[in-house]
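Sequences and hints are given; from them, build the entire structure.
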Amino acid sequence: MSDTPSAGTQTTVAEKVFAFVDERVGLKLLAAKMLNEAVPGGSRWAYVFGSILLFIFIMQAVTGVLLMFYYVPTADHAYASTQYIIHDIDYGWFLLSYHFWGSSAMVVCVFAHMSQVFLWGAYKKPRELIWLVGLALFALVLGFGFTGYLLPWDQRAYWATTVGVEIIDKIPVLGDFLARFLKGGPIPGQMTLSRFFVIHVMVLPAALIGLAGLHLFLFRCAGPAGPFRGTPTELKAKTDYFFPRQIWKDVVGMAVVFACISAMAFWEPVVLLDEATPDPGDYHPEPEWYFLFIFQHLRLKMFSGQFGQFLGSIAFPGALGVMLMLLPFFDRNPERNIFKRPFALIGWVVLTASILLFTVSAIINRSFLD
Amino acid sequence: MQPQLKSKVRCADREIGEVSKVIMDPLSHEVSHLVVSMNGTGERQVPMGAVQTVADDLVQLRSSSSEVLSLPPFKRDDYVTLHEVEIPGLERHIHVTPGEVLVPFPELERNVKRRTFFAKLTYVMGLFIGLPLVFPVMKFLMKPMYAPLDNRWLKIGNIGKLKFADTGTQFQYRRMVKEAYLAEAEVEKNAWLIKATPAVLEKVYQGKDMEFLGADGKVIWTNKKDMPYLAFSGKCPHLGCAYKWRKHKVLGQVFLCPCHLSIYDASGQVLDGPAPRPLDLLPIQVSASGEVQIIDMEFKAGTKSQTRIV
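Those protein sequence lines, which keep their order, are chains A and B. Numbering-wise, this note's numbering puts 144 at position 144 of the first sequence, and it's gapless, one number per residue. Numbering-wise, this note's numbering puts 523 at position 153 of the second sequence, and it's gapless, one number per residue.
Be aware that a few hints might be false.
[Unchecked claim] Cross-link-like lysine-lysine pairs, in silico, DSS-like; alpha carbons within 30 Å at most: (1) B/LYS617 / A/LYS301; (2) B/LYS595 / B/LYS531; (3) B/LYS533 / B/LYS614; (4) B/LYS391 / A/LYS238; (5) A/LYS236 / B/LYS445; (6) B/LYS533 / B/LYS619; (7) B/LYS513 / B/LYS588; (8) B/LYS445 / A/LYS238; (9) B/LYS445 / A/LYS28; (10) B/LYS376 / A/LYS236; (11) B/LYS573 / B/LYS525; (12) B/LYS391 / A/LYS236; (13) B/LYS376 / B/LYS445; (14) B/LYS614 / B/LYS548; (15) B/LYS619 / A/LYS301; (16) A/LYS28 / A/LYS238.
In case anyone wonders, no lab produced these hints; they're calculated from the structure.
In structure tokens:
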């Protein structure tokens with residue numbers, strides 16, 4: 001290989017080891033291919049979210065594996081083992097709370113990442129497949145949140161799952177089967193916990209690793225989209241490589257996210273409610289905050305009755321998902337500048353505003369229930 | 371066609387050398403410059419704009435040889451090779467190799483027939499392995515999904531607890547549940563009881579006794595229309611949360627579900643909110659001493675009609 005250093009220049013052991021590996025796998029070339037990716041128009045803070053998501057996932061995997069050293073996924077031990085992690089294991093409260101807040105950070109960053117891609121028009125040809133795989137990854141992230149929520153086996157966990165599975169039951173034709181499949185029986189119990197556990201720690205991570213790999217591969221095939229303004233000459237003049245400027249920005253972003261998650265874990269550590277039972281006592285069931293907007297809009301009069309409920313819980317979110325999937329195929333206009341795509345801009349603003357509105361109103365509603 | 375490496379380069383007046391390198395534009399994916407090796411007097415970088423025609427082994431320039439010679443020497447350090455950088459799709463646009471690079475085709479592969487047959491055979495073998503597994507795997511996963519219904523009567527307390535008419539009172543009870551391999555365990559549940567006035571009874575039963583059917587369609591119990599005690603399943607028929615007996619500003623004393631704010635009156639009828647049907651009535655019997663027994667039933671939430679699941 002032409003880039004293998006000649007033997008005479010090696011001085012230290014580390015260099016010898018590096019040269020040994022490089023000769024066999026072409027490390028330098030690999031590193032060059034990884035790092036020397038041209039970013040048209042140059043690095044930007046707006047591009048950091050993809051890398052941050054990868055970072056959050058790795059941290060979730062690490063903290064998740066650590067939690068499994070003590071957690072037991074059985075109806076009679078899940079709650080006690082989670083309490084043990086929180087109260088008896090050194091730094092257990094921190095690792096569990098980090099894992100908990102990490103899921104929130106994941107949802108926030110997925111929203112930011114999708115918004116950036118949407119507003120920059122980066123889903124358009126030739127990047128349709130990256131967008132589709134990205135949507136599948138988004139669904140997996142929600143799946144992680146939903147399945148992980150049950151594992152502590154407290155009242156919050158039990159009721160979020162009860163209501164969530166009832167919603168899945170409303171899917172036409174397959175709903176009853178899916179709901180029973182997830183519950184592993186007619187009501188939530190040990191079978192549900194076992195199923196959610198294996199989905200959370202095996203099925204979803206495997207799917208996420210595969211799809212995230214595909215997402216990156218497709219991204220490398222198409223290359224970064226770059227800014228939506230600027231002539232080719234301007235873009236070329238500002239072009240730089242992924243390393244060092246973009247990586248620097250990504251790393252700063254990761255550090256900020258790490259600090260935020262740690263701070264939340266520190267100031268708002270996870271506190272369990274009573275152990276799960278089909279009798280909630282005084283607890284008012286509620287899903288995790290990022291599902292609150294769906295929870296809240298199901299309270300609306302227009303989504304009442306069997307059909308209204310189907311509209312609100314299945315048809316409406318389903319239609320939104322299908323629209324997002326079809327987006328790159330019916331939006332064929334190559335224009336990427338968001339200020340020249342009024343429908344896209346208005347659509348994004350309306351969706352974001354209504355999610356915020358429903359989330360906030362769900363929070364305000366809490367005080368009326370006590 | 372793109373200029374080929376090793377092509378001779380001729381200026382307007384004379385031949386000056388050969389193409390030693392080409393430079394690609396990373397955005398347009400086109401050749402932007404040629405690097406011309408000047409027969410021993412260094413290399414010059416010539417923009418494609420200066421090229422008049424490109425033939426198989428000859429590049430004709432518009433400029434004169436003195437103009438090309440006066441260009442600054444080519445600076446290799448300003449460029450990187452394609453191998454060291456990631457520019458998607460660029461390699462597919464390059465057609466400047468001076469010739470094909472070949473490796474021998476193995477002897478044994480030369481006359482193999484039925485390549486398509488063997489390719490399809492792999493799919494068939496895949497199906498041969500996969501298909502027989504579908505049914506066992508599905509059955510494996512589905513084993514606990516459909517449990518038989520349980521029609522045992524459970525003692526849940528004494529009607530002495532019901533002090534006022536048409537007022538919801540929660541009765542908590544424990545039910546023994548045996549799940550799969552686990553030891554039988556107690557599960558806390560609750561039902562709401564009403565000591566009903568004739569008006570409320572009329573609203574609930576509408577003059578008819580209420581029959582409860584088993585899975586086989588046979589009657590397992592009949593609630594008599596004049597028996598003044600009502601038991602409602604503790605599960606909200608909207609999406610399965612647990613509702614409470616609460617004071618409402620406008621509607622007075624009602625059953626309120628804190629999840630999605632469904633509101634029911636003492637007879638279980640929907641007053642407000644998204645619920646698709648009234649509260650689910652349970653089979654109830656009261657002994658002479660006032661002991662209440664119910665059959666613990668649960669129905670699928672969110673549907674207009676009742677579908678029993680427990």
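Checked hints:
1. B/LYS617 / A/LYS301: holds (21 Å)
2. B/LYS595 / B/LYS531: holds (22 Å)
3. B/LYS533 / B/LYS614: holds (17 Å)
4. B/LYS391 / A/LYS238: holds (25 Å)
5. A/LYS236 / B/LYS445: Roughly 19 Å separates the two Cα atoms, so the pair holds.
6. B/LYS533 / B/LYS619: Cα-Cα ~23 Å, so holds.
7. B/LYS513 / B/LYS588: Within the cut-off at roughly 26 Å; holds.
8. B/LYS445 / A/LYS238: Within the cut-off at roughly 20 Å; holds.
9. B/LYS445 / A/LYS28: It holds: about 23 Å lies between the C-alpha atoms, which stays within 30 Å.
10. B/LYS376 / A/LYS236: holds (29 Å)
11. B/LYS573 / B/LYS525: Cα-Cα ~26 Å, so holds.
12. B/LYS391 / A/LYS236: Within the cut-off at roughly 21 Å; holds.
13. B/LYS376 / B/LYS445: Answer holds: B/LYS376 to B/LYS445 is near 19 Å, not above 30 Å.
14. B/LYS614 / B/LYS548: Status holds; Cα separation ~28 Å.
15. B/LYS619 / A/LYS301: Between B/LYS619 and A/LYS301 the Cα gap is close to 19 Å, so the pair holds against 30 Å.
16. A/LYS28 / A/LYS238: holds (26 Å)
Of the numbered hints given earlier, the model fails none.
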